[in-house]
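Undergrad: Sequence:
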Amino acid sequence: MNFVKNELELKNLEIIQRRAETSNLKSMDIVSSRAVGSLEEDFARAKMLLKKGGRFLTLKSKRMVEGLKAKKIWHYRLPQEEMEYALVELC
1 MNFVKNELEL KNLEIIQRRA ETSNLKSMDI VSSRAVGSLE EDFARAKMLL
51 KKGGRFLTLK SKRMVEGLKA KKIWHYRLPQ EEMEYALVEL C
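Residue numbers for the sequence shown, in the UniProt record's numbering: 1 to 91.
Think of the hints as simulated: they come from the structure by calculation, not from any bench.
Cβ atoms here follow ideal geometry from the backbone N, Cα and C, with glycine treated the same way.
Possibly wrong hints are sitting among the right ones.
In silico SDA-like links for lysine to any residue, alpha-carbon gap of 20 Å or less [what the hints assert, rightly or not]:
1) LYS47 with HIS75
2) LYS5 with GLY54
3) LYS72 with GLU89
Here are the simulated distance ranges between beta carbons [as the list claims (entries may be wrong)]:
4) GLN80 with LYS51: 37 to 47 Å
5) LYS11 with MET83: 33 to 43 Å
6) LYS51 with GLU21: 16 to 26 Å
7) SER27 with GLU82: 35 to 45 Å
8) LYS51 with ASN2: 18 to 28 Å
9) GLN80 with LYS52: 38 to 48 Å
10) ARG63 with SER27: 29 to 39 Å
11) GLU82 with LYS51: 37 to 47 Å
12) LEU25 with GLU82: 35 to 45 Å
13) SER27 with GLU89: 17 to 27 Å
14) GLU84 with ASN12: 30 to 40 Å
15) LYS11 with GLY67: 31 to 41 Å
16) LYS69 with GLU9: 31 to 41 Å
Turn these sequences into a full structure, and let the hints steer you where they fit.
TA: Now the structure itself:
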């Protein structure tokens, strides 16, 4: 995340890397998660950190998001890997 922030010169972006369960953070604009748990578990943890109108982004396998109603889903494949993944925006 810091690499992307620096490459895109996003001066007004603050990257906070903490576990949702142990942070005291509230009212975040965007919360993201890696493929940590189920989509439902990840969203339950994230929504307690989001401000109203905030965005939740998570990385999952393509298989895990088939048939999912999401705001947006971007499919991608990593170099030298056969598995397809998805970046999902739920809200």
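Undergrad: Work down the list of hints and note, for each, if the structure agrees.
TA: Each hint tested on the structure:
1. A C-alpha spacing of about 23 Å is found between LYS47 and HIS75, which places the hinted pair above 20 Å, so the restraint is violated.
2. Taken as a hint, the LYS5 and GLY54 pair is honoured in the structure, with Cα atoms around 19 Å apart against an allowance of 20 Å.
3. Distance hint between LYS72 and GLU89 is fulfilled; the C-alpha atoms sit about 5 Å from each other, no more than 20 Å.
4. In this structure, GLN80 and LYS51 meet the distance hint of 37 to 47 Å, their C-beta atoms being roughly 38 Å apart.
5. Restraint check, LYS11 to MET83: a C-beta distance of roughly 35 Å satisfies the suggested window 33 to 43 Å.
6. For LYS51 and GLU21, the Cβ-Cβ distance of about 19 Å falls inside the hinted range of 16 to 26 Å, so the restraint holds.
7. The beta-carbon spacing between SER27 and GLU82, approximately 40 Å, falls within the hinted interval of 35 to 45 Å.
8. The hint said 18 to 28 Å for the Cβ distance between LYS51 and ASN2, and at roughly 22 Å that hint holds.
9. Between GLN80 and LYS52 the beta carbons are some 41 Å apart, a value that agrees with the proposed interval 38 to 48 Å.
10. Range check, ARG63 to SER27: Cβ separation about 33 Å, and the 29 to 39 Å hint holds.
11. Between GLU82 and LYS51 the beta carbon distance is about 38 Å. The supplied range of 37 to 47 Å therefore holds.
12. Taking the beta carbon of each, LEU25 and GLU82 are about 37 Å apart, inside 35 to 45 Å as hinted.
13. In this structure the supplied range 17 to 27 Å holds for SER27 paired with GLU89, their Cβ-Cβ distance being about 19 Å.
14. Judged by the Cβ atoms, the range 30 to 40 Å given for GLU84 and ASN12 holds: they are separated by roughly 33 Å.
15. Under the hint 31 to 41 Å, the C-beta atoms of LYS11 and GLY67, about 39 Å apart, fit the expected range.
16. At roughly 35 Å, the beta carbons of LYS69 and GLU9 sit within the given window of 31 to 41 Å.
Going down the numbered hints, you'll see the structure goes against just number 1.
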